[in-house]
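Participant: Could you build all of it, start to finish, from the sequences and the hints given here?
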Amino acid sequence: MGTLTSCSFMPLNSEFRSNPVRRAFRERIQCHKLTRLRGTSCFFSRARVPKWGKLKHANLGIRMCFGTNDSDSDKDNVGAAEESGGDESKSNVTTTMPEEERGFSSEKSTPPSTSHRSSLSSLGPTYNTFQVDSFKLIELLGPEKVDPADVKLIKDKLFGYSTFWVTKEEPFGDLGEGILFLGNLRGNREDVFAKLQNLLVEVTGDKYNLFMVEEPNSESPDPRGGPRVSFGLLRKEVSDPGPTTLWQYVIALLLFLLTIGSSVELGIASQINRLPPEIVKYFTDPDVVEAPDMELLFPFVDSALPLAYGVLGVLLFHEVGHFLAAFPKQVKLSIPFFIPNITLGSFGAITQFKSILPDRSTKVDVSLAGPFAGAVLSFSMFAVGLLLSSNPDTTGDLVQVPSLLFQGSLLLGLISRATLGYAAMHAATVPIHPLVIAGWCGLTIQAFNMLPVGCLDGGRAIQGAFGKNALVGFGLTTYTLLGLGVLGGPLSLPWGLYVLLCQRTPEKPCLNDVTEAGTWRKALVAVAIFLVVLTLVPVGDELAEELGIGLVTAF
Numbered sequence: 001m002g003t004l005t006s007c008s009f010m011p012l013n014s015e016f017r018s019n020p021v022r023r024a025f026r027e028r029i030q031c032h033k034l035t036r037l038r039g040t041s042c043f044f045s046r047a048r049v050p051k052w053g054k055l056k057h058a059n060l061g062i063r064m065c066f067g068t069n070d071s072d073s074d075k076d077n078v079g080a081a082e083e084s085g086g087d088e089s090k091s092n093v094t095t096t097m098p099e100e101e102r103g104f105s106s107e108k109s110t111p112p113s114t115s116h117r118s119s120l121s122s123l124g125p126t127y128n129t130f131q132v133d134s135f136k137l138i139e140l141l142g143p144e145k146v147d148p149a150d151v152k153l154i155k156d157k158l159f160g161y162s163t164f165w166v167t168k169e170e171p172f173g174d175l176g177e178g179i180l181f182l183g184n185l186r187g188n189r190e191d192v193f194a195k196l197q198n199l200l201v202e203v204t205g206d207k208y209n210l211f212m213v214e215e216p217n218s219e220s221p222d223p224r225g226g227p228r229v230s231f232g233l234l235r236k237e238v239s240d241p242g243p244t245t246l247w248q249y250v251i252a253l254l255l256f257l258l259t260i261g262s263s264v265e266l267g268i269a270s271q272i273n274r275l276p277p278e279i280v281k282y283f284t285d286p287d288v289v290e291a292p293d294m295e296l297l298f299p300f301v302d303s304a305l306p307l308a309y310g311v312l313g314v315l316l317f318h319e320v321g322h323f324l325a326a327f328p329k330q331v332k333l334s335i336p337f338f339i340p341n342i343t344l345g346s347f348g349a350i351t352q353f354k355s356i357l358p359d360r361s362t363k364v365d366v367s368l369a370g371p372f373a374g375a376v377l378s379f380s381m382f383a384v385g386l387l388l389s390s391n392p393d394t395t396g397d398l399v400q401v402p403s404l405l406f407q408g409s410l411l412l413g414l415i416s417r418a419t420l421g422y423a424a425m426h427a428a429t430v431p432i433h434p435l436v437i438a439g440w441c442g443l444t445i446q447a448f449n450m451l452p453v454g455c456l457d458g459g460r461a462i463q464g465a466f467g468k469n470a471l472v473g474f475g476l477t478t479y480t481l482l483g484l485g486v487l488g489g490p491l492s493l494p495w496g497l498y499v500l501l502c503q504r505t506p507e508k509p510c511l512n513d514v515t516e517a518g519t520w521r522k523a524l525v526a527v528a529i530f531l532v533v534l535t536l537v538p539v540g541d542e543l544a545e546e547l548g549i550g551l552v553t554a555f
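Just so you know, the sequence shown maps onto residues 1 to 555 in the UniProt record's numbering.
Hints are supplied without guarantee of correctness; some may be wrong.
Stated by the list, open to error - Calculated pairs, DSS-like style, for lysine-lysine (alpha carbon to alpha carbon, straight line, at most 30 Å): (1) Lys332 x Lys195; (2) Lys157 x Lys236; (3) Lys468 x Lys155; (4) Lys236 x Lys168; (5) Lys236 x Lys354; (6) Lys157 x Lys329; (7) Lys508 x Lys468.
Simulated from the structure, these hints should not be mistaken for laboratory data. It should be emphasised that the depicted structure is a prediction, and the values quoted were computed from it without experimental measurement.
Facilitator: Structural data, given as structure tokens:
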């Protein structure tokens with residue numbers, strides 16, 4: 001029995017250890033056959049790989065041959081290799097798969113072999129050679145690429161003198177799993193794109209998604225006007241969003257329950273002038289360490305429910321607006337993941353697109369529909385609450401809130417000042433109806449979600465109306481204003497962290513990501529952003545004193 005003399009690994013082996021997918025791949029490899037060829041030990045293994053990339057539960061065969069370090073055995077190994085039809089005199093590891101899963105036919109080509117060898121002297125004289133075709137494994141475990149045969153078919157059947165003359169091909173997609181066709185457009189871009197989409201379905205069936213995007217690094221515009229366009233091709237299983245999983249449903253339910261709790265807490269906190277002194281002192285005095293009996297809050301839960309219902313109603317109206325705008329466009333949305341917050345009751349919800357948007361106009365419409373619906377209900381409650389606050393017959397339903405609250409928003413503070421009058425607002429506390437608080441919180445939630453950054457509703461609307469490059473500029477400006485506290489006041493930091501953690505990534509491109517959304521949609525988005533700024537800009541003490549918004553005490 002020989003001894004192992006050397007061992008060669010490729011960089012892929014380190015990925016097997018660190019990456020969970022590749023670690024699971026390695027752990028599923030099992031030896032099925034051991035062959036002894038006069039000094040050479042050959043193992044044949046089969047690995048059943050789950051649905052990753054092209055493998056899709058494929059059986060991957062691995063043959064490992066280990067030679068000895070004595071000369072006689074080496075000669076025997078050469079003979080054994082010749083007997084088995086091989087042409088290698090050294091030990092090796094090869095990977096084999098069914099040819100149809102490797103992307104080439106047996107009649108025309110043979111599988112490519114790429115070897116990387118590096119000696120590991122620490123293992124001692126053990127293995128003679130150990131090789132792995134890393135590039136093939138990475139290709140198999142990565143996203144499924146476009147079939148070269150389909151690319152040739154598509155170029156022949158779709159593109160030509162009457163549609164789009166292809167001059168160059170480049171990788172397309174996050175990992176280069178698609179094909180980007182560059183060339184010259186031969187007609188109206190919308191008509192050509194519609195024709196190409198229909199032809200694609202006829203030629204390949206429901207297998208690929210075709211994207212019309214601006215040509216990258218284009219030096220000149222299209223002679224017909226507008227930017228030069230290219231067409232990207234991706235497999236549907238790669239480009240389409242995945243379905244909602246069971247765990248996502250569970251998480252969404254838990255977040256909704258927490259949001260109900262935070263909304264009730266907001267309703268209780270709004271009754272601060274009625275709460276027991278020890279409760280108020282515990283939450284307002286940082287020197288108080290010992291917690292009071294929280295059962296003292298139970299009697300205030302019933303009176304907190306109307307405000308909680310108002311906040312939850314605004315959240316639900318927001319999501320209904322999204323779904324009503326998406327349904328006619330056949331756009332699928334995920335379930336909303338509500339984000340609880342003790343100051344506003346909630347930060348809104350994360351709602352994902354579960355289908356690729358057809359064009360930028362649809363992105364604007366769906367994005368604006370949610371905040372518009374939520375803002376309509378919120379402003380209705382806010383206005384009715386202000387009217388009830390000035391009605392002497394509803395004095396028993398009013399709650400006392402610090403006048404400093406109205407300095408949190410320039411727009412809402414001015415509306416409150418105009419409705420309630422100078423005398424009511426220029427005091428330490430202001431008696432208002434709970435609907436004012438519900439409407440105020442609802443409008444603030446809509447304004448935060450309309451900030452033009454990431455994949456917030458405002459970010460999606462800006463991306464659809466003005467393009468992805470405009471979103472970069474708006475996003476940097478928004479982050480700067482949040483960091484300086486110019487927008488959102490004391491909520492700017494927690495909201496900025498929330499966006500950075502959960503909503504910072506821009507939305508994926510539409511199928512038609514070139515055709516603009518139209519003038520009136522751009523104007524509507526611009527007006528919405530302007531109102532968002534007015535809503536989130538706090539009022540300074542000097543300006544508040546001059547406008548009569550709250551009582552400013554001079555020290």
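Participant: Are any of the numbered hints broken by this structure? If so, which, sorted upward?
Facilitator: none
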